[in-house]
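Protein chains in written order, with my numbering: chain V, 1 to 405; chain H, 406 to 527.
If you're looking for bench data, these hints aren't it; they were derived computationally from the structure. There may be inaccurate statements among the hints.
Listed below are the simulated DSSO-like cross-link pairs for lysine-lysine, each with C-alpha atoms no more than 30 Å apart in a straight line [to be verified]:
1) H/K511 / V/K380
2) H/K507 / V/K340
3) H/K413 / V/K20
4) V/K27 / H/K511
5) V/K163 / V/K20
6) H/K507 / H/K472
Far from chain V, by Cβ distances over 10 Å, these chain H residues were calculated [said to hold, decoys possible]:
7) G439
8) A469
9) D483
Positions of the beta carbon are idealized from the N, C-alpha and C atoms, including for glycine.
The chain contents come next:
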Amino acid sequence: MDLQPNDFRRMSVEEFDTTKLLAHASKQAKERGYQRFPIVDVDSHHYETESMSEILEYLDDPVLKQLATATSRPNAKNARIMNTMVGYQDMGGRIPRYGQRSFEKTPAGETQRDAALTKRWMDAVGVDVAVLFPTPMLALGVHPQVEVEIALSRAYNRWLCDKILAHEERLVSMLYLPFNDPDATYDFVKEFGQKKGVVGFLITSTRYRPVHANQYMKTYALLEEMGLPIAFHGSYHWHDQAQGMLNRFISVHALGFVWYNMIHLANWIINGLPERFPKLKVIWLESGLAWIPFMMQRFDNEYLMRTSEAPALKKMPSDYMRDMFWASQPMEITDMGLLKETLRVINAETQLLYSSDYPHWDFDLPSTIYDLPFLSEEAKRNILGGNADRLFNLKLGARKLAQAV
Amino acid sequence: MPEVFVSKIGDFAEGDRRIVFHGGQEIGVFHWQGNFYAYENLCLHQGGPCCEGVIMHKVEDVLAPDKTWIGQKFSASDAHFVCPWHGYEYDIRTGECVGNRKLRLKSFEIRRRDDELYVVAG
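Please model the complete structure; the sequences and the hints are all you need to start from.
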């Protein structure tokens, strides 16, 4: 069966090749001269469930390990120990790579398959270093069993460190924190904070835990002391009562990926966490950018009237937001004037970080940044790589690691 | 304007498509319901190979006379080709982006010479 019906890039399902799919992106990379500067992608993904058999080997609890392994037969990709989300990311087959991905061949050898596939698209689009995250585990924060969230995420983190980060100069990660358990969250930072390739820690935002709870302060203090950023990654949850009123996936996706980050950001600022942990770097991932000026205006306006409800603040809410970092994807680009103003109010030249979200359906190429007509060449290079290089202390400098460009 | 050979007409099945090159340009040619259409294989969104995606009939809401929603159906007449990168949909007969018909792919003239099909590039 052919799913790519053309002459020169014709691919049967069994021959699916990311390099061919992204040939136009490679052309963009050459035309725009990406070989002149490094590009860092601060939010990309792999499908960890395709390596689930390996990951389950890292489970400590023998009973849970047996349970997880048994319920994963015959196909570990469908491990039933994981909670799943209702959703239609592949648009009913309109985005064929979702169905084709598992057929893509990688060379036998030392390179782990997820790493090989990731570096393949990185080379195609000109990305030198990628911050790699899981995919189905983005929903683990609403797993009904907190102990399973802890166990699976610890197994995943150990697997990622052992199998990928230890061997790959171009792949780093901010590791999953089991935020539903504050003590385990702290223990994870202790266990993984010094591992090779760990450049920070991640809270998957879809969950029902307020970030200002006192139990988390020791973790924030530890992260600040270690100089590691904390990131919040958006997602959706159609079982959330409010999102449950939305009848189409477009609506759930558009609002869901922003909703939880809005809640966490509000709590983070109004409870004065930036004053308590002034050196802790905070990053917001995969909520796009349009929500930021809304939050700035909304909270500035209310803060001036209700200042006594946020006594820890020493400046306007938007001023704290301007100290934070923002990942670009999915960058709303339908009104160039609004986008220009958004980049202005967040001081994009130092605070905006390019992110692709590849291979997900709404990925952004580096050209979404490079082609913006109102940015200087220096600003483009900062957003595409320089800001992340400094934030994560990658020491890239001018080095270019992508192969294709 | 240079003519670029596409296919023998008899070899170009209904519902199929071809991608042809001219210089650095890629042109997608569709054979749809007895007609041929040619568009630049470059998505107006982020430059994806839009002409290489799946062809799907337009999705339509079905409303009752009292404006209540009954369900959805596929159009019997209108079809779209879908950019495989992000899902931008284009009208196969016009090259218009169906989400915003002010956006339209560059189109190319089709010429038939005996049993051969050519596209006028440039």
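A quick look at each hint next to the structure:
| no. | hint | in the structure |
| --- | --- | --- |
| 1 | H/K511 / V/K380 | holds, 29 Å |
| 2 | H/K507 / V/K340 | holds, 22 Å |
| 3 | H/K413 / V/K20 | holds, 26 Å |
| 4 | V/K27 / H/K511 | holds, 19 Å |
| 5 | V/K163 / V/K20 | holds, 27 Å |
| 6 | H/K507 / H/K472 | holds, 28 Å |
| 7 | G439 | holds, 19 Å |
| 8 | A469 | holds, 17 Å |
| 9 | D483 | holds, 16 Å |
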